[in-house]
Amino acid sequence: MNKTSNRFRHLVWPLVSLALLLLFNAFFTDNFFKIEIKKQDSAQTVQAPAVPDNPPAPGTSWITPENYENSSDSAEAAAKTVDQAGQAAQAAAEPQQAPEKNDGKGVSIFGYYLYGTPIDILNQGAKVMVLAIGMTLVIATGGIDISVGAVMAIAGAIAALLISMLDAGSFPGASMGPAIYWIIPVVAALVLATLAGFWNGMLVAGFGIQPMVATLVLMVAGRGVAQLITDGQIITFDNPGLVFLCNGHALFLPFSVWIVVTMYVVAGLLTRKTALGLFIESVGNNERASRYAGIEARRIKWLTYVICGFCAGVAGLLAASNIKCADSNNAGLYLELDAILATVIGGTSMAGGRFFLSGSLVGAILIQTLTTTMYMKNVSPAIVAVPKAMVVIIVCLLQSPVFRAKVLSIFASKAAKGGVQ
Amino acid sequence: MNKFATVIMAAAAATLLVAGCSKSDSSKIKVGFSQVGAESDWRKASTESIKGEAAKRANIDLTFSDAQQKQENQIKAIRNFITKGVDVISFSPVVATGFEDVLKEAKEAGIPVVLFDRAVDVSEPDLYKSLIGSDFVEEGRRAGRWVVENVGENANVAELVGTVGSAPAIDRKKGFEEIIKDHPGIKIIKSQSGDFTRAKGKEVMESFLKSPEADQINVLFAHNDDMALGAIQAIEEAGKKPGKDIVIISIDGVKSMFEAILAGKANCTVECNPLIGAQLFDVIEKIHAGETVPSYIPSQEGVYDTKNITKEVVDGRMY
Amino acid sequence: MKKFKFPMRYVPISATILVFFVVYLIGIISFDNFGSPKVFLDLFVDNAYLGIAAIGTALVILTGGIDLSVGSIIAFTSILIAKMIESGCNALWAIALALAIGILFGMLQGWLIHCFSLPPFLVTLAGMFFVRGCGFIVSEESIPIKNDRVFDFIQNDLSITLSKGLHLRFIVMLYIAVLIIAIIFSQRTRAGRSIYAIGDNELAATLMGIPVGRTKIMTYTIAGFCSALAGVVYAIYLKAGNPLNCVGLEMDAIAAVVIGGTLLTGGVGYVFGSLFGVLVLGLIQTLIIFDGRINSWWTRIIVGLLVLAFIFMQNLITKISKSKSKSH
Chain A
0 MNKTSNRFRH
10 LVWPLVSLAL
20 LLLFNAFFTD
30 NFFKIEIKKQ
40 DSAQTVQAPA
50 VPDNPPAPGT
60 SWITPENYEN
70 SSDSAEAAAK
80 TVDQAGQAAQ
90 AAAEPQQAPE
100 KNDGKGVSIF
110 GYYLYGTPID
120 ILNQGAKVMV
130 LAIGMTLVIA
140 TGGIDISVGA
150 VMAIAGAIAA
160 LLISMLDAGS
170 FPGASMGPAI
180 YWIIPVVAAL
190 VLATLAGFWN
200 GMLVAGFGIQ
210 PMVATLVLMV
220 AGRGVAQLIT
230 DGQIITFDNP
240 GLVFLCNGHA
250 LFLPFSVWIV
260 VTMYVVAGLL
270 TRKTALGLFI
280 ESVGNNERAS
290 RYAGIEARRI
300 KWLTYVICGF
310 CAGVAGLLAA
320 SNIKCADSNN
330 AGLYLELDAI
340 LATVIGGTSM
350 AGGRFFLSGS
360 LVGAILIQTL
370 TTTMYMKNVS
380 PAIVAVPKAM
390 VVIIVCLLQS
400 PVFRAKVLSI
410 FASKAAKGGV
420 Q
Chain B
0 MNKFATVIMA
10 AAAATLLVAG
20 CSKSDSSKIK
30 VGFSQVGAES
40 DWRKASTESI
50 KGEAAKRANI
60 DLTFSDAQQK
70 QENQIKAIRN
80 FITKGVDVIS
90 FSPVVATGFE
100 DVLKEAKEAG
110 IPVVLFDRAV
120 DVSEPDLYKS
130 LIGSDFVEEG
140 RRAGRWVVEN
150 VGENANVAEL
160 VGTVGSAPAI
170 DRKKGFEEII
180 KDHPGIKIIK
190 SQSGDFTRAK
200 GKEVMESFLK
210 SPEADQINVL
220 FAHNDDMALG
230 AIQAIEEAGK
240 KPGKDIVIIS
250 IDGVKSMFEA
260 ILAGKANCTV
270 ECNPLIGAQL
280 FDVIEKIHAG
290 ETVPSYIPSQ
300 EGVYDTKNIT
310 KEVVDGRMY
Chain C
0 MKKFKFPMRY
10 VPISATILVF
20 FVVYLIGIIS
30 FDNFGSPKVF
40 LDLFVDNAYL
50 GIAAIGTALV
60 ILTGGIDLSV
70 GSIIAFTSIL
80 IAKMIESGCN
90 ALWAIALALA
100 IGILFGMLQG
110 WLIHCFSLPP
120 FLVTLAGMFF
130 VRGCGFIVSE
140 ESIPIKNDRV
150 FDFIQNDLSI
160 TLSKGLHLRF
170 IVMLYIAVLI
180 IAIIFSQRTR
190 AGRSIYAIGD
200 NELAATLMGI
210 PVGRTKIMTY
220 TIAGFCSALA
230 GVVYAIYLKA
240 GNPLNCVGLE
250 MDAIAAVVIG
260 GTLLTGGVGY
270 VFGSLFGVLV
280 LGLIQTLIIF
290 DGRINSWWTR
300 IIVGLLVLAF
310 IFMQNLITKI
320 SKSKSKSH
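Residue numbers (numbering that gives the first Met the number 0), protein chains in the order written: chain A, 0 to 420; chain B, 0 to 318; chain C, 0 to 327.
Hints are computed from structural coordinates only; laboratory data are not their basis. Be a bit skeptical, because a hint or two may be false.
Stated by the list, open to error - Derived pair list, reagent style DSSO-like, types lysine-lysine, alpha-carbon separation capped at 27 Å:
hint	chain 1	residue 1	chain 2	residue 2
1	B	LYS103	C	LYS145
2	C	LYS145	B	LYS173
3	C	LYS163	B	LYS27
4	B	LYS173	A	LYS376
5	B	LYS310	B	LYS43
Claimed, not checked - If you anchor each label on the Cβ, the simulated ranges turn out as follows:
hint	chain 1	residue 1	chain 2	residue 2	range
6	A	LEU19	C	ILE180	45 to 51 Å
7	A	SER412	C	ILE180	40 to 46 Å
8	B	LYS106	C	ILE183	37 to 43 Å
9	C	ASP156	B	ASP125	18 to 24 Å
Note that the coordinates shown come from a computational prediction; the quantities given were computed from them, not determined experimentally. The beta-carbon is built from N, C-alpha and C at its ideal position, and this holds for glycine as well.
Let the hints inform the model, and build the full structure from the sequences given.
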């Protein structure tokens, strides 16, 4: 058998399913593939002067610390903003406002970005795509991590808390303002999430506890911890830096997509260009044999949980950035299940062993496409779960060798019967 | 048996956590309150109002429980309040159905119940003494009236509905439709649930704006401010101007919405007052003293738009 | 004299029972009225549906599998019953239909899991999504059950009044009955012991001649039945049906089973333990409500820590017993 076809065989069914779904949408959903090129209204007023003369960029809050903390001017500033916005809106039906200055953060090249449902799918699906990376590696070692949703909530909570504390302390008109501040919450969130992954790894690899139960602990307690951090409230934030993560654009595509791409590239290099991928697969396939072969199975497993935690941290930041607030109750709810589904659809077996990052990516896109399709068809979110469930079962069946054997045997017997007339 | 020791130590730690509790003081009015959760700014504000008011009143001993938006937790809380022997039970039901048995238990135990914010669906009316809260239907009507007066006779309305099956969502929709049915030019062309949260509001609005009717939408009626604020983000991302291209009206009256109206991003918010801690405890005291109280006490509310929102009003907004 | 050695296998469940009593004691010391028998009865009333669901979950976990569809089935069952009663159907037929659906669905899951070697996690996960969606198709809003003769009969006449305000409700008696049946089943019948055998070592069980496939499918069928029965109890408890409720309940059931001493790998544990697991969870919640000052999210943290503690204990015991058997 051809080596190339072997490498991509696992992608066949997920891609076929995705293609079918997209085909369905092409025919039955208007505007599904309509992609417009929009121009950004204006730059983000991150280092704005005291009275902002630019309306804020789309996706950022119209209140940034600068133009609101100058309290005496803010009403006039707001009024000016409104006037300008009104004039600009009247100028043209299309969003062709005068291009504004970039603030040097590489917001978007030429100020253009793509806008449409497929872009939305990528943006909304970014969280699951990122989670799927870590989940694939964990499942490949024969484990599972159901705490990622709770870790997302924790990451979002700490980021929101820190940024609101920092913003409150920042003084008006600071030139070195929140542009830099956002790094601190991001780093804190990622560190905390990675620690959570370390904790999971300690329980599974260090103490030998069954992965489902070990991560169940954090799943149950994690949201409690997140709520502890936010004191039970939903903390909102407007910091342009944080907001940019999920709402900003770079090079025509949402920034979240670039985060996903980067992480997949790094993960791919890490697993395929170093021996790490091989070790992970071997540990998942047969842990005892791997140990005898000299592989530090414990460390490998521990590492996968740490990576999974890190991915959950990134996803948590994306989730919080998307809605500009940290909702400990709902952030990442059920996303662990989506991540597991994406991984399995992508061809990685839950028993461990061979894993396919590319498959997980396709799986995540498939799930998100399904969800978005349902929304566009005006289907209630809860009913969306039904077709999702059916897709999962069908793909699982298709991947199950037992099922394929049975189906083939039915065809074979029919052919045999047909042959012997 | 090392593990036993660990367990005992954990139990001891739990004791320390809990041991600081005071025994109840019988001269105070013991109130058990079960709140829905902490799902929105509005809910935050109502919780603070209640806790703050109870702290101010020396004769109130408040036991507060947060149900995390789960009905089972509320039922458990109320049952435990009955066992604990509180004098008055008050709660804001997560959902209208399912409380009949536990309220009957309270009645049997002789503990009066005061509802707050939302009503329950029960077959016997005397299972609770009073309901203090907003008239959601009237709020919907006010929104409808504002649209008629300020937008005109022709409007294509996109509606962001609240949590499916909740009293505010059902009633606000009812009130709004009641008013606009006399104006055939005003139509609701899209309606979907945003679950009262910012995230969902944004997501659903995004899908509205990608639907074939997207360009016809010129009014957004959101059942609460949080959803509207999420929708504003979605509208901006679509390149339209919230407040101008799409007139935005919602219900609640939270500070962030006031700020949005001031900045021209939204147009109107119908107030739904959560700061009724004072009113609640007044009623509780009356009931405890044996007085009769009206079965429905509406909260004071107004309608706010660009005409009556100024900087001072925004600063003065407590929630 | 022969030294009495406390059997290792009873340690986890003894620990659970001990924790239960210790926490109860703490409550009695800290609060007035905590010692009232009503607290104990309320634990059963408020958690009967969870308890019945946990019985089914325990049996599935004993075979080494898992069932994530529990919460959704409860919600679906409750709304189905409510809707049928609202449409004028006789409550008994509604209940019978709901139980039948539960049995069939459990059987379907078991069949998919066993015959196609699909992982139980995924199949029951898909089942969870599917049933939740079906619940919404039945009705998007909650439906109260009003003026129904059967339900009123159950509520008013089938409960034993012990004293003022103290009722032994039907759902509590039902739970205890189901629990006793399940204990007898798992300990004394061949099918029940087969479950343990399969959970411990499926290959060995097959070689022994135990009908593994049949037993596994039967286990999932029982779990489906228990979930549906829990749904019926839930409908009685609320006197309403709600498609939105019980989200995440399966995790509570699993936590209860783990705290009750059952190993997730299967083959070890007692159905009886699930009772105490459920009670402990309920007790912690009660404590926090009584206190009124601790924020309710501490419940989650404490439950998480408890699960952790019990896992460690089970781990330790497994290691000790393994080293003992090696030394023989």
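Hints and how they fare:
Of the supplied pair hints, the one linking LYS103(B) and LYS145(C) holds, its CA atoms being roughly 14 Å apart against a limit of 27 Å. Between the alpha carbons of LYS145(C) and LYS173(B) the distance comes to roughly 23 Å, so the proposed pair stays at or under 27 Å and holds. Between LYS163(C) and LYS27(B) the CA atoms are separated by roughly 25 Å; this keeps the pair inside 27 Å, and the hint holds. Distance check on the hinted pair: LYS173(B) and LYS376(A) sit about 24 Å apart at the alpha-carbon level, within 27 Å; holds.
Between LYS310(B) and LYS43(B) the alpha-carbon distance is near 23 Å, which keeps this suggested pair within the 27 Å criterion. Look at LEU19(A) against ILE180(C): about 47 Å separates their beta carbons, and that is inside 45 to 51 Å. A hinted range of 40 to 46 Å holds for the C-beta pair SER412(A) and ILE180(C), which are about 44 Å apart. For the pair LYS106(B) and ILE183(C), the supplied restraint of 37 to 43 Å holds, since their beta-carbon distance comes to about 40 Å.
In this structure the supplied range 18 to 24 Å holds for ASP156(C) paired with ASP125(B), their Cβ-Cβ distance being about 23 Å.
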